[in-house]
Amino acid sequence: MTTIEGMSGYEKGKNVNRLSIDGYFAGSDAASLGTGWFIHDPKVDAAAHEIGGKMETVLLRGTTYRLFERFRVPALKDPHAQPHLKETAEELTQMTKVVFSRTIQESSWDNTEINRDHPIEVVRQMKD
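Numbering (full-length UniProt numbering), first residue to last: 1 to 128.
Please keep in mind that the hints were generated in silico from the structure rather than gathered at the bench. Certain hints may be false.
Estimated spans, in silico, between C-beta atoms of each pair [stated by the list, open to error]:
#, residue 1, residue 2, range
1, D117, K43, 26 to 32 Å
2, M126, R102, 17 to 23 Å
3, D110, H84, 17 to 23 Å
4, G53, E113, 31 to 37 Å
5, G62, R124, 19 to 25 Å
6, R102, R70, 15 to 21 Å
7, M126, A81, 16 to 22 Å
Calculated cross-link-like contacts (lysine-lysine; reagent style DSS-like; alpha-carbon spacing at most 30 Å) [unchecked claim]:
#, residue 1, residue 2
8, K43, K86
9, K77, K43
10, K54, K86
11, K54, K43
12, K77, K127
13, K77, K54
Nothing here was measured: the structure is a model prediction, and the numbers come from that model. The beta-carbon is built from N, C-alpha and C at its ideal position, and this holds for glycine as well.
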């Protein structure tokens with residue numbers, strides 16, 4: 001986890017990622033958009049929440065946003081979705097999702113802001 005101190009309006013910037021043991025963030029399987037290696041572990045979830053606390057905003061590029069939208073939004077309404085998928089989908093839905101993309105025109109996912117501006121400038125404005 002990476003923490004960035006001194007952000008006005010945003011107490012801290014946090015970066016939580018899960019990597020495979022060999023350092024990869026994604027695999028090569030197209031069916032799961034490269035996330036087929038991911039194994040849900042409640043202990044890792046608990047540790048991430050303990051260390052990171054409640055995250056209110058997530059910054060995403062378009063590809064990652066589309067991946068989240070494709071796999072998380074359907075879990076919100078699927079009565080057969082695995083509980084950890086539904087929980088993650090609910091957490092992401094509650095967060096403000098700041099998406100940097102020149103190709104995504106709009107989103108129906110709650111709390112999503114599409115930005116076409118340069119990410120560095122937007123983050124600077126968020127910090128002020």
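Against the structure, the hints:
Between D117 and K43 the beta carbon distance is about 39 Å. The supplied range of 26 to 32 Å is therefore violated. Between M126 and R102 the beta carbon distance is about 19 Å. The supplied range of 17 to 23 Å therefore holds. Between D110 and H84, the C-beta spacing of about 20 Å keeps the proposed range 17 to 23 Å intact. Between G53 and E113 the Cβ separation comes to about 22 Å, which falls outside the hinted range of 31 to 37 Å.
For the hinted restraint 19 to 25 Å between G62 and R124, the CB-CB distance of approximately 20 Å keeps it satisfied. Our hint of 15 to 21 Å for R102 and R70 holds, since their Cβ atoms are close to 19 Å apart. For M126 and A81, the Cβ-Cβ distance of about 32 Å falls outside the hinted range of 16 to 22 Å, so the restraint is violated. Proximity of K43 to K86 is assessed by CA-CA distance (about 17 Å); at most 30 Å being required, the pair is judged to hold.
With a C-alpha separation of about 26 Å, the suggested pairing of K77 with K43 holds against the 30 Å cut-off. Straight-line distance between C-alpha atoms of K54 and K86 comes to about 17 Å, which keeps the hinted pair within the 30 Å bound. Note on K54 and K43: the hinted pairing holds, with a Cα-Cα distance of about 16 Å set against a maximum of 30 Å. Our distance criterion of 30 Å between C-alpha atoms is broken by K77 and K127, whose separation comes to about 35 Å.
Using a Cα cut-off of 30 Å, the hinted pair K77 and K54 holds, with the two alpha carbons roughly 23 Å apart.
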